[in-house]
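The listed protein sequences correspond, in order, to chains S and A. With the working numbering applied, the first sequence closes on residue 342, and no number is skipped along the way. With the working numbering applied, the second sequence closes on residue 282, and no number is skipped along the way.
Rather than coming from a laboratory, the hints here were simulated on the basis of the structure. As the structure is a prediction and not an experimental result, all values here were calculated from the model. Positions of the beta carbon are idealized from the N, C-alpha and C atoms, including for glycine. Be careful, since some hints might not be right.
As the list claims (entries may be wrong) - Each computed DSSO-like pair below joins lysine-lysine, with the alpha-carbon atoms no more than 30 Å apart:
| # | chain 1 | residue 1 | chain 2 | residue 2 |
| --- | --- | --- | --- | --- |
| 1 | S | LYS151 | S | LYS182 |
| 2 | A | LYS64 | S | LYS101 |
| 3 | S | LYS107 | S | LYS27 |
| 4 | S | LYS177 | S | LYS151 |
| 5 | S | LYS119 | S | LYS104 |
| 6 | S | LYS130 | S | LYS27 |
| 7 | A | LYS271 | S | LYS10 |
| 8 | S | LYS107 | S | LYS167 |
| 9 | S | LYS130 | A | LYS236 |
Claimed, not checked - Just the calculated beta-carbon pair ranges, DEER-fashion:
| # | chain 1 | residue 1 | chain 2 | residue 2 | range |
| --- | --- | --- | --- | --- | --- |
| 10 | S | SER162 | A | GLY19 | 16 to 26 Å |
| 11 | A | PRO109 | S | THR65 | 31 to 41 Å |
| 12 | A | LYS107 | S | ARG325 | 52 to 62 Å |
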Amino acid sequence: MATLKLDNVKKRFGQTEVIHGVSIDVKDGEFIVIVGPSGCGKSTLLRMVAGLEAVSSGEIQIDGTRVNDAEPMDRDIAMVFQNYALYPHMSVFDNMAYGLKIAKTPKLEIADRVGTAAKMLELEDYLTRKPRELSGGQRQRVAMGRAIVRKPAVFLFDEPLSNLDAKLRVQMRLEIKDLQRKLGITALYVTHDQVEAMTLADRMIVMNAGVADQIGAPLEVYENPQTEFVAGFIGSPATNFIPAETLGDRPAKVARVGVRPEHAVLADAGTGQIQGKLVYAEALGAETLLHLRLQSGEMFTIRQDGTVPVPADGTLTGVDWRQSREISFGSDGHRTPNESAA
Amino acid sequence: MADGMVEKRGVGLWFTHLGLIIGVLIIFFPIWLAFVASTVTQPEIVRPPMPLWPGDQFFENYRKALVSGINAPVAKMLFNSFVMAMGIALGKIVISLLSAFAIVYFKFPGRRLFFWLIFLTLMLPVEVRIVPTYEVVAGFGMLNSYSGLIFPLIASATATFLFRQFFMTVPDELAEAARVDGARPMRFFWDILLPMSRTNIAALFVILFIYGWNQYLWPLLITTDPSMNTIVMGIKQMFPSGDDIADWPVIMATSILAMLPPIIVVISMQKLFIRGLVDSEK
Ligand SMILES: Nc1ncnc2c1ncn2[C@@H]1O[C@H](COP(=O)(O)OP(=O)(O)OP(=O)(O)O)[C@@H](O)[C@H]1O
Ligand SMILES: [Mg+2]
């Protein structure tokens, strides 16, 4: 296991810069999730660490050694691809053993390592099969096995679960978490699924159009988003944003105010912070999502407990929240410190 | 509906089969005549009507063809043809695999230019460039040699194009996975690309072997020594010039012999060949 350091890493394709400088110090055994919308540069960042894409500027270090110009094979990394990228004509065993064979590992040790990985991933019964004879989840496990047997310094995952159905995704997510605990691996994990990000990450990097908007532990990012983008991207349903001037009584530098759906409650009409009309309510059992249309025409979502009564659609109502829970942003989209916050 | 189908099957099936059988007989008839002609004596052929059933000269005629032939023993010509067809087929496959690999997987200056140059040669059939090619081969002293028969025909735009198309359907991630696994380019080519292309290679081999076997104009031009003749051109050489009498039974025996190797190749590789044409296993 090892440390990984990115120092102001940038990437240009021709004239267009797609990564505008990302820096992070990854500690030994830390699991970092890179999350962000499609096209924000997650894969590109990961591929630069893998050595599949050249670094335009900045520096990447693995275990303190600069690897910018090293071939992937010399970086001591392993990568799990979105489409698994298993060699179709090789058996599961050969797929997992291929990297070791190239490294001229002794046969006995190869058998031993593949055997251990297969056992951990419950693939022992499938070692002689070809990838096309496996289910999606099994293929996924083979791809992981191929990475594990090499005992690399850093694991790289590019949306490894996105091709699986919802149920399998949850199961594999737990398995990855478990594996990470057992092996204590240093990993970079790309996803656009925030649940994956929240549950797997020791720390996460929230990317927005080639910029790392925020780096931090999942709950810290959730509770303290540093930009409007992060506040909107992390959390489901998404944070409500209200122009500060409609609220009055806010510091001049605050442009927009974010309120998480779970922090807002219904109030009597005419009271509370703002007024709106209930458009429809989604009762999900444990919780109910209330969608309101504000006077300004914008939508606002409230998440309330499933046992709290729901007014009829079309009801005019007030919305209230504690001002200390507000997340306020300046006109540049960056956080402004909450003066009232304790 | 179901009844109609069954009825149609009953009668229709017979008609279909009858039609197919008649078709096969019509196509097969000339070959049958050639075979009959190769088992009788010269006077029997010349005297009308032509015999329709095999005579008793089978062994005699074939032995004569194989061992002594007319200009050169047919056994020798068969061997020459075999060397040429194998050389052309294997050579074309190796060269086009490598050039397709280079064009698809490496970024080098002029990559598109080279691809289009190769592609352009598709538009120049052998006949068009035969005179300059002859000049070059003669200059290298390769007349009347196997290398002269094989090398000028080895470059293949068609096969390069085919492999290029196949390689482009192989997901990029596979090459990247191999790279992360530590495979250098030739290792990737050998361990992954080649095994994945094996059905395509088999299909192409059959086609190219027959292409090589059937070469006529080029061997005719560069082999003046009868012992270097290939069988397809050799048959034509057996025709008499001037007033000599053609030894038709031997010529016919040679024709039948000339057909056998391609048939054997097609039949023995049929399974792989059809798989290569129908599906690409990815
Ligand atoms: N080879 C390339 N040439 C030019 N631009 C590229 C290239 N590869 C990626 N890009 C651009 O870089 C940006 C980031 O792409 P990237 O694949 O990293 O996105 P991503 O965050 O992984 O998205 P997704 O979640 O859809 O996979 C995109 O705008 C993309 O168009
Ligand atoms: Mg991606």
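Each hint, compared with the structure:
1. Note on LYS151 (chain S) and LYS182 (chain S): the hinted pairing holds, with a Cα-Cα distance of about 13 Å set against a maximum of 30 Å.
2. Restraint check for LYS64 (chain A) and LYS101 (chain S): the C-alpha separation of about 57 Å exceeds 30 Å, so the hint is violated.
3. Between LYS107 (chain S) and LYS27 (chain S) the CA atoms are separated by roughly 33 Å; this puts the pair beyond 30 Å, and the hint is violated.
4. Among the hinted pairs, LYS177 (chain S) with LYS151 (chain S) is consistent with the structure: their alpha-carbon atoms are about 17 Å apart, no more than 30 Å.
5. Simply put, LYS119 (chain S) and LYS104 (chain S) have alpha-carbon atoms about 23 Å apart, close enough for the 30 Å limit, and the pair holds.
6. Between LYS130 (chain S) and LYS27 (chain S) the alpha-carbon distance is near 37 Å, which puts this suggested pair outside the 30 Å criterion.
7. Note on LYS271 (chain A) and LYS10 (chain S): the hinted pairing is violated, with a Cα-Cα distance of about 52 Å set against a maximum of 30 Å.
8. This hinted pair does not check out: LYS107 (chain S) and LYS167 (chain S) have alpha carbons roughly 37 Å apart, beyond 30 Å.
9. About 52 Å separates the Cα atoms of LYS130 (chain S) and LYS236 (chain A), which puts this hinted pair outside 30 Å; it is violated.
10. Under the hint 16 to 26 Å, the C-beta atoms of SER162 (chain S) and GLY19 (chain A), about 54 Å apart, miss the expected range.
11. With their beta carbons about 32 Å apart, PRO109 (chain A) and THR65 (chain S) fall inside the hinted range of 31 to 41 Å.
12. Between LYS107 (chain A) and ARG325 (chain S) the Cβ separation comes to about 54 Å, which falls inside the hinted range of 52 to 62 Å.
Checked against the numbered hints given earlier, the structure breaks hints 2, 3, 6, 7, 8, 9 and 10 and satisfies all the rest.
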